[in-house]
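Visitor: Sequence:
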Amino acid sequence: MQNLNGSHKPFFSFSKQGKFILLCLLPAIILVTAFIYYPLFRGVIMAFQNYTLFDMSNTDFIGFKNFKEIFTSPDFKEILWNSLIWVVVSLFFQLTIGFTLALFLRKSFRGRGIYQAFVFFPWAMSGFLIGLIWRWMFNGQNGVINDLLLKVGLIDQQIPFLSDPKWAMASVIIANIWYGVTFFAIMIMAALQSIPEELYEASDMDGANKVQQLVKITIPYIMPTLLSTILLRVIWILNFPDLIYSMTNGGPAGSTHILSTFMIEKVIYAQDYGQAGAVGVIIIGLLLMFAVFFLLVTNYRKAGDF
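Numbering (numbering that gives the first Met the number 0), first residue to last: 0 to 305.
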């Protein structure tokens, strides 16, 4: 690169300011590398090794054997199906309810701040703690949900929500919906605040009704936020074993077993880190394929042109 006086300036100059910035970033770089990238890299390596707690001295490279054992596992198809149901149903209701709450909370009314606090409160709690709370609520003997349903006359006898395979998945999904609605409501509310009020005023003058305003103004303006939030939630829901682990531990009879709880099972109970790493690689692969497909289908780069 040439200056006005004809002298050449290096393309990249590591000035004192640059050194200071790098020095400030160094702790964060070290922490991210140590706690994110290294475990990720190590997990991928372990997926191709015979790495069990019972024989730590024998960690030979075994190729795709761990993946073969995972794919041929008798429970793998059911686990994949459970994972799909867990993600799709949770995402649909989180988006629908979160969008509705955001539209409601956007309006000015008395006590709005209190309602917002109640809506946003679940996101401040840990998933494991929320799972324990819902486990108590869904208890088949003395849970408040059974008690409420009995009092209003909707059921004649207590329902074993968490011990019956027919009810267990629905129960953990309900808990997950309650937890995830908050994030959608927060993100959509923030996006709604950026829409100019002049657009609604102009549409009122043109005779547009509320539905037309929603379709023609609101949704197009918040579409980039919706797309990014959906993508994030898919990744987080699939990698969110906290609720299931604290409510059902993947049971009963594997009816709530998903990929992330399957990986935990391989670590804690089977103590097979190689197969656990293989499950982790499968999860990463599925999420990468979904992310690429999602971005291509939604034409994400031009999301702002909706």
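No wet-lab data here; the hints were simulated from the structure. The reader is advised that the hints may include incorrect statements.
As the list claims (entries may be wrong) - Here are the simulated BS3-like pairs of lysine-lysine, each with C-alpha atoms no more than 30 Å apart in a straight line:
| no. | residue 1 | residue 2 |
| --- | --- | --- |
| 1 | Lys106 | Lys18 |
| 2 | Lys76 | Lys215 |
| 3 | Lys150 | Lys165 |
| 4 | Lys64 | Lys76 |
| 5 | Lys106 | Lys209 |
Please read all numbers here as calculations on a predicted model, not as lab measurements.
Visitor: Take the hints in turn and mark each one as holding or not.
Guide: Verification of the supplied hints:
1. Distance check on the hinted pair: Lys106 and Lys18 sit about 49 Å apart at the alpha-carbon level, beyond 30 Å; violated.
2. Straight-line distance between C-alpha atoms of Lys76 and Lys215 comes to about 42 Å, which puts the hinted pair past the 30 Å bound.
3. At most 30 Å may separate the alpha-carbon atoms for a hinted pair to count; Lys150 and Lys165 meet this at roughly 23 Å.
4. A threshold of 30 Å between alpha carbons decides the hint, and for Lys64 with Lys76 the separation of about 18 Å falls inside it, so the pair holds.
5. Between the alpha carbons of Lys106 and Lys209 the distance comes to roughly 14 Å, so the proposed pair stays at or under 30 Å and holds.
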